[in-house]
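**Q** Since the structure of chain A is provided, determine the placement of chain B on it from the hints.
Going line by line, the protein sequences match chains A and B. Reading the first sequence from the start, the letters are residues 1 to 261 in the working numbering. Reading the second sequence from the start, the letters are residues 1 to 270 in the working numbering.
Any given hint might turn out to be false.
As the list claims (entries may be wrong) - Here are the simulated SDA-like pairs of lysine to any residue, each with C-alpha atoms no more than 20 Å apart in a straight line:
1) A:K76 <-> B:L36
2) A:K179 <-> A:K141
3) A:K80 <-> A:E53
4) A:K3 <-> A:I60
5) A:K76 <-> B:W186
6) A:K141 <-> B:N185
7) B:K267 <-> A:D144
8) A:K3 <-> A:G196
9) A:K112 <-> B:N185
10) A:K76 <-> B:N191
11) B:K267 <-> A:R93
FYI, nobody ran anything at the bench for these hints, they're computed from the structure.
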Amino acid sequence: MLKLENLTKRYNTGDLALQGIDLSIPNGQVLALIGPSGAGKSTLIRCINRLVEPTNGSAILNEVNLTKLSSRALRKSRRKMGMIFQEYALVERLTVMENVLSGRLGYVGFWKSFLRRFPKKDVNEAFRLLDRVGLLEMADKRADELSGGQRQRVGICRALIQDPDLLLVDEPTASLDPKTSRQIMRLINELCQERGLTAIINIHDVLLAQMFSQRIVGLALGNIVYDGSPEGLTPEVLTKIYGEEDWSATIEKVDDEDEEV
Amino acid sequence: MNNVSKTLYPNNWKKPPFIKRSWLRWSIIIGSILYLIAALSSMDINIQRVLEGIPRGQRFIESFFPPNFSDNRGVVWEGILESIWMAIISTVAGIALSIPIGLGAARNLAPLWVYMTCRFIIAASRTFPEIILAIFAVKLFGFGPFAGFIALSLGTIGFFAKLLAEDIENSSPAQAEAVKATGANWFQWINYAIQPQVMPRMIGLSVYRLDINFRESAVVGIVGGGGIGATLNTAFSRYEFDTAAAILLVIIGIVMVLEYASSHLRKWVQ
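Isolated chain A, as found in the complex (with noise of 0.2 Å):
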């Protein structure tokens, strides 16, 4: 269970990117959230984990009070918290390997680490995840020999490696094409259902994010003014998260969808 208490984040700019966000979500959801740029999408899940330090207000999974962590209980909790970023985030000059064990490093001492050896069990994981993402063979490439798609899926493992609680996903298909993009978003959530992970998956793709998700959040302006189901999403709702357009097109869309599948 992630419960968000009053959680604001003032930038020292003097912007206020979350303007006291309360939101709870319970074990296994898997939840999008949605909003123009510059919404605070991306301040929100940083607050979580605090890659962004919050300004007020609290984070609490399971029963832990993020915000209240010292940095070292801070790493220890950041173990059960995988991200997964746009634009990959995968280290480039480091292997395939490397990238997906990565996530191991918040449970190996330095040394280990330093001399690449990962405990046995780990590198079986992380051959087991590479497979399960149909990435076997590319363990020794390096990070920047693979094309997006492929490497948004070692970036998939190196978050699900960590062993996490929860997902933290970040515009995951903002530079993919729409049929990777299916497939990573199909990947993230059946890879949810499989573990009842709980996710966070921030999204720009309306559409994608109505196929691929439970509940639907929707940020304007640092607020939460939309908090239901995909169906929910009427041309109003729209309007109210991004401002006037002719959304027509994006619901008609999801109406094909549904048929098709």
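**A** For chain B alone, kept in the frame of chain A given last:
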């Protein structure tokens, strides 16, 4: 639609000038031209002296030929070996000292006070050229290669730590953030997120610095820091220009080898 087609648009477009105010732009241009003219005319160029100097220079260069590799072979060889040894250990020691200072001088890694301290060390090291450092070191530790080694190591810090810090500051924050999010500690974070990004450039720069330190060892030797510079200095003061020529050729040869080695290495590690 009709309205748009009736509007007349200009056919000419000029790139807006870098300095918008025209009086400022012109006074800077005219001012710099005037200063250049004044500076040139204040330098006293004595044609007579230049003309006299040309045949002297010719005789001087002629006395370099043919280079004499044989007469002082033992001394030259010793000097070269000492210079190579000085260059290698001062590069290694200098880089070893540069790594912590370079990490501390990267604003995205270090808190402000560490950053300021490390930047100060770098600035101090960069203020003094190797020859000044060598004069200090010779005064402190006496003549010989140890003084040269100290001077070159200190010189390496200013060069290497600065470039390392800048490379770290230019590294991708996304990759750094991703590794941090896994719960890695600070050393793991440096090892997994920062090191892979800066490594190729650092290897290239190390060989480049080795090359610089070898060349500088010739200069440092002239003020008493040992190495081939000392041998070169002796040759000059004994008017053994043919031996000096041989030494210079050897230095050029070694620098060229290092040059090729570093460009190959850079391509290979990319």
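**Q** Provide an ascending list of the numbers of those earlier hints which the structure does not satisfy.
**A** 1, 2 and 6
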